[in-house]
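Colleague: Chain residues, written in single-letter form:
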Amino acid sequence: MGNEEDRDKEKRVVFVTVGTTCFDALVRAVDSNNVKQALFAKGYTDLLIQMGRGSYLPSKAEGVDTLAVDYFTFSSSIADHLRSASLVISHAGSGSIFETLRLGKPLIVVVNEDLMDNHQSELAEELADRKHLYCASPQTLHQTIADMDLSSLFPYSPGDATPVAKHINNFLGFPDDY
Amino acid sequence: MVLLGKRMFDTDFETSSEPKSSCDDVCLALTEILKLPLMDKCNGCSFSNVSSIAVFSSAVFVVSLILVRLLYVIYHSRSALRKRASKPVSTLIILGSGGHTAEMLNLLAVLQKDRFNPRFYIAAATDNMSLQKAQLLEDSLAAQNETRVTDTAQFMKIYRSREVGQSYITSIWTTLIAMVHALWLMIKIRPEVVLGIRWSSIFYVESIARVRRLSLSGLLLYKLRMADQLFVQWPQLQRQYPRATYVGRLIEASDLVIKKKNKRCEFPGIYAYMVLQEDPHRKYHSYTELN
Numbered sequence: 001m002g003n004e005e006d007r008d009k010e011k012r013v014v015f016v017t018v019g020t021t022c023f024d025a026l027v028r029a030v031d032s033n034n035v036k037q038a039l040f041a042k043g044y045t046d047l048l049i050q051m052g053r054g055s056y057l058p059s060k061a062e063g064v065d066t067l068a069v070d071y072f073t074f075s076s077s078i079a080d081h082l083r084s085a086s087l088v089i090s091h092a093g094s095g096s097i098f099e100t101l102r103l104g105k106p107l108i109v110v111v112n113e114d115l116m117d118n119h120q121s122e123l124a125e126e127l128a129d130r131k132h133l134y135c136a137s138p139q140t141l142h143q144t145i146a147d148m149d150l151s152s153l154f155p156y157s158p159g160d161a162t163p164v165a166k167h168i169n170n171f172l173g174f175p176d177d178y
Numbered sequence: 179m180v181l182l183g184k185r186m187f188d189t190d191f192e193t194s195s196e197p198k199s200s201c202d203d204v205c206l207a208l209t210e211i212l213k214l215p216l217m218d219k220c221n222g223c224s225f226s227n228v229s230s231i232a233v234f235s236s237a238v239f240v241v242s243l244i245l246v247r248l249l250y251v252i253y254h255s256r257s258a259l260r261k262r263a264s265k266p267v268s269t270l271i272i273l274g275s276g277g278h279t280a281e282m283l284n285l286l287a288v289l290q291k292d293r294f295n296p297r298f299y300i301a302a303a304t305d306n307m308s309l310q311k312a313q314l315l316e317d318s319l320a321a322q323n324e325t326r327v328t329d330t331a332q333f334m335k336i337y338r339s340r341e342v343g344q345s346y347i348t349s350i351w352t353t354l355i356a357m358v359h360a361l362w363l364m365i366k367i368r369p370e371v372v373l374g375i376r377w378s379s380i381f382y383v384e385s386i387a388r389v390r391r392l393s394l395s396g397l398l399l400y401k402l403r404m405a406d407q408l409f410v411q412w413p414q415l416q417r418q419y420p421r422a423t424y425v426g427r428l429i430e431a432s433d434l435v436i437k438k439k440n441k442r443c444e445f446p447g448i449y450a451y452m453v454l455q456e457d458p459h460r461k462y463h464s465y466t467e468l469n
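The listed protein sequences derive, respectively, from chains L and U.
Taking the numbering used here, the leading residue of the first sequence gets 1, the next gets one more, and so forth.
Taking the numbering used here, the leading residue of the second sequence gets 179, the next gets one more, and so forth.
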């Protein structure tokens with residue numbers, strides 16, 4: 001995961017995704033100067049924001065000596081954006097999290113603190129404890145970026161559905177042939 | 179019949195469109211359930227009267243069914259059903275939305291399709307993605323076995339008990355509608371279940387997103403002992419709910435596609451690309467095979 005740190009003068013895109021939700025606090029946070037500076041200091045060149053149903057519009061920027069900023073609402077090619085990103089900053093939806101982890105991309109999950117009954121933070125915190133990703137809030141994002149050490153992250157090992165299938169088969173009395 | 183349930187009744191669905199539930203459809207369903215004698219006998223009485231009687235009687239019906247089911251499961255819980263070993267079981271598969279459908283389809287990919295047959299898929303009426311993904315899976319299976327999808331699978335939509343952001347007070351009413359609709363679908367799919375000729379087994383898989391607490395659906399099924407087997411994907415959750423079974427994580431290396439695990443279940447390249455056009459919000463979902 002860390003080897004992309006070494007490449008110079010290449011485009012190094014930070015892709016921000018809020019999925020199908022509305023998460024203005026995250027868009028506002030990544031558009032803030034301290035987050036942009038933290039990203040630029042880490043060697044990232046581009047900031048691409050998928051802003052979903054939110055209403056806050058980030059300020060576009062060309063980026064010569066700063067971060068280039070661009071945004072869109074929805075796209076049919078989220079997977080392509082994820083694949084070409086050097087760092088992904090995502091909302092805490094399980095779909096976005098696992099899609100990013102599967103691609104082996106460094107990931108910072110930002111938990112939406114405005115949601116009622118916010119069980120989404122459970123997953124993000126558990127995966128952060130297991131060092132598969134970093135977990136932040138909109139307020140602490142710049143600090144997380146400044147402090148992060150991508151080489152300390154462990155790749156996510158895929159799960160396996162066969163134990164469930166086995167249990168169901170056993171329960172129904174089918175012969176066990178896994 | 180087997181029910182593979184996943185979170186139809188939760189607080190965080192990601193879809194966004196308007197609920198389509200209309201009272202008319204439900205009333206129609208109810209009068210069909212009651213075989214229309216009520217309508218014929220009282221031509222003069224108002225429709226709302228009929229529907230309130232129907233709602234009441236079906237509520238009583240549902241409650242008594244739940245009670246019988248409860249006693250049955252408490253009595254039989256965790257004991258395997260050795261009698262049914264050889265013939266296929268018709269299977270009702272309940273799809274949540276988004277990531278939850280992916281988990282369920284991962285499970286389906288490793289289940290032996292000849293045993294779990296025919297398969298009935300149910301997803302929320304406002305969730306356009308889930309059934310399309312299930313349809314893709316069934317299409318690929320049918321192509322593989324040179325059969326027709328209609329022989330092995332059916333796809334149905336159900337009213338949602340609560341939308342994301344819907345208030346809890348109005349969700350009481352929508353939950354009732356959803357329950358009646360669910361009952362109607364059960365009658366349509368498999369009369370034996372309701373008539374009590376054969377009982378179903380219920381398997382519930384809690385979402386991977388639930389690490390410390392069960393979801394509302396999971397909690398209800400656990401506390402009321404409604405599920406024959408309740409699977410959780412994190413060990414700390416199992417410690418908190420000892421009657422649950424810990425099975426590890428279901429999320430696969432590549433979305434929807436199971437490789438190597440089971441030779442019967444390979445669908446290479448089928449999910450190459452899928453874009454939905456009708457709703458800009460849903461365009462976000464694209465599923466790309468990660469070979």
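One or more hints might be untrue.
Stated by the list, open to error - Residues from chain U shown here face chain L by an in silico Cβ test under 7 Å; the list is partial:
#, residue
1, Leu285
2, Leu289
3, Lys291
4, Tyr346
5, Lys366
6, Ile380
7, Phe381
8, Arg390
9, Leu394
Bear in mind the hints are in silico, worked out from the structure with no lab data behind them.
Ideal placement from N, C-alpha and C gives every residue a C-beta, glycine not left out.
Colleague: For each hint, tell me whether it holds in the structure or not.
Modeller: Each hint, compared with the structure:
Proximity of leucine 285/U to chain L holds as hinted, the smallest CB-CB distance being about 5 Å (cut-off 7 Å). Annotation: interface hint on leucine 289/U holds; nearest CB of chain L at approximately 5 Å, less than 7 Å. Taken as an interface hint, lysine 291/U does not check out: its beta carbon lies about 11 Å from the nearest beta carbon of chain L, beyond 7 Å. Taking 7 Å as the C-beta contact cut-off toward chain L, the hint placing tyrosine 346/U at the interface is violated, the least distance being around 10 Å.
Taking 7 Å as the C-beta cut-off, the interface hint given for lysine 366/U is violated, the closest approach to chain L being about 23 Å. The interface hint given for isoleucine 380/U is violated, since its Cβ lies 11 Å from the closest Cβ of chain L, which is over the 7 Å cut-off. Taken as an interface hint, phenylalanine 381/U checks out: its beta carbon lies about 6 Å from the nearest beta carbon of chain L, inside 7 Å. Interface hint status for arginine 390/U: upheld, as the beta-carbon distance to the closest one in chain L is roughly 5 Å, under 7 Å.
Given hint, leucine 394/U at the interface with chain L, is violated; its Cβ is 9 Å from that chain's nearest Cβ, farther than 7 Å.
In this structure, the hints that do not hold are numbers 3, 4, 5, 6 and 9, in rising order.
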